[in-house]
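For the sequence shown, position 69 matches number 98 in the working numbering, and the numbering has no gaps at all.
Check each hint, because a few of them may be wrong.
Unchecked claim - The calculated DSSO-like cross-link candidates involving lysine-lysine, where the alpha carbons are at most 30 Å apart (straight line), are:
{"#": "1", "residue 1": "40", "residue 2": "77"}
{"#": "2", "residue 1": "40", "residue 2": "87"}
{"#": "3", "residue 1": "77", "residue 2": "41"}
{"#": "4", "residue 1": "87", "residue 2": "77"}
{"#": "5", "residue 1": "41", "residue 2": "87"}
As the list claims (entries may be wrong) - Estimated spans, in silico, between C-beta atoms of each pair:
{"#": "6", "residue 1": "157", "residue 2": "111", "range": "33 to 41 Å"}
{"#": "7", "residue 1": "232", "residue 2": "35", "range": "47 to 55 Å"}
{"#": "8", "residue 1": "225", "residue 2": "98", "range": "20 to 28 Å"}
{"#": "9", "residue 1": "113", "residue 2": "235", "range": "38 to 46 Å"}
{"#": "10", "residue 1": "112", "residue 2": "163", "range": "43 to 51 Å"}
{"#": "11", "residue 1": "172", "residue 2": "210", "range": "20 to 28 Å"}
{"#": "12", "residue 1": "79", "residue 2": "163", "range": "24 to 32 Å"}
{"#": "13", "residue 1": "77", "residue 2": "216", "range": "40 to 48 Å"}
No wet-lab data here; the hints were simulated from the structure.
Quick caveat: nothing in here was measured; it's all calculated off a predicted structure.
Backbone N, C-alpha and C define an ideal beta-carbon position, used for all residues, glycine too.
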Amino acid sequence: MSEGMGLRERKKIQTRRRLLAEAARLFGERGFDQVSVAEIAEAADVSKMTVFNYFDSKEDLVLAPMAEHIGDVAQVVRDRARGESAVAGMRRQFLAAIERRDPAVGMSDSPVALGLLQLIQQTPALLTRTYAFFARTDELLIDVLVEEGEEPAVARIVAAQLIGTRNTLIAENHRRLLAGDSADAIASDAVLLAERAFGLLEKGLGDFATRP
């Protein structure tokens with residue numbers, strides 16, 4: 030990642046990583062609300078002002094990695110191959126992410142990832158920001174569909190189904206991980222569930238749950 034970068038750029042990356050690591054450690058030990066930005070700065074051996082040069086708020090010290098993936102779904106749909114549907118493109122990307130144990134789809138069982146996941150679920154301010162990320166992800170996908178000529182109302186309906194399915198799959202992966210299963214242990218089930226979920230989207234619900 031840092032190949033070809035100058036010394037200054039590499040130092041910036043190292044400082045950012047150190048701040049994220051120290052924040053994760055302190056939050057994990059004491060909780061989000063009990064740790065100040067000043068304490069994080071001290072632990073990382075930088076000034077408080079330096080922290081805000083890298084992150085706009087204390088919440089960003091937890092959620093910055095997640096924020097980097099807000100545009101993922103829109104990009105997948107925008108870059109899909111000719112002849113490939115939006116559903117097929119998302120399914121392909123999601124399955125590949127499971128295969129490489131990508132934390133963006135809830136497939137990382139590292140102590141840091143699990144600790145941050147628990148922290149987010151236990152902290153209302155972080156949950157609120159997370160929901161805002163979901164809404165922005167939805168907006169970006171809608172923009173892509175409208176750019177391609179879809180009616181805005183239909184684009185919103187389709188985006189809601191695609192994003193809702195993806196988020197539910199990620200939530201199930203998180204649930205399994207927090208219950209104590211490893212990423213490797215849940216991978217095959219995650220693939221099967223994703224295949225079924227995107228399959229339902231692709232074919233339509235049709236006769237699903239028809240009452241006998």
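Outcome of the hint check:
1. 40 - 77: Since the Cα atoms of residue 40 and residue 77 sit roughly 17 Å apart, the hinted pair holds (cutoff 30 Å).
2. 40 - 87: holds, 21 Å
3. 77 - 41: holds, 15 Å
4. 87 - 77: holds, 11 Å
5. 41 - 87: holds, 18 Å
6. 157 - 111: 33 to 41 Å: holds, 40 Å
7. 232 - 35: 47 to 55 Å: Distance hint for residue 232, residue 35 holds at roughly 52 Å.
8. 225 - 98: 20 to 28 Å: Because 24 Å falls inside the window, the suggested range holds.
9. 113 - 235: 38 to 46 Å: For residue 235 against residue 113, whose Cβ atoms are near 22 Å apart, the range 38 to 46 Å is violated.
10. 112 - 163: 43 to 51 Å: violated, 29 Å
11. 172 - 210: 20 to 28 Å: At 36 Å between Cβs, range violated.
12. 79 - 163: 24 to 32 Å: holds, 30 Å
13. 77 - 216: 40 to 48 Å: Given a distance of about 42 Å, which is inside 40 to 48 Å, the answer is holds.
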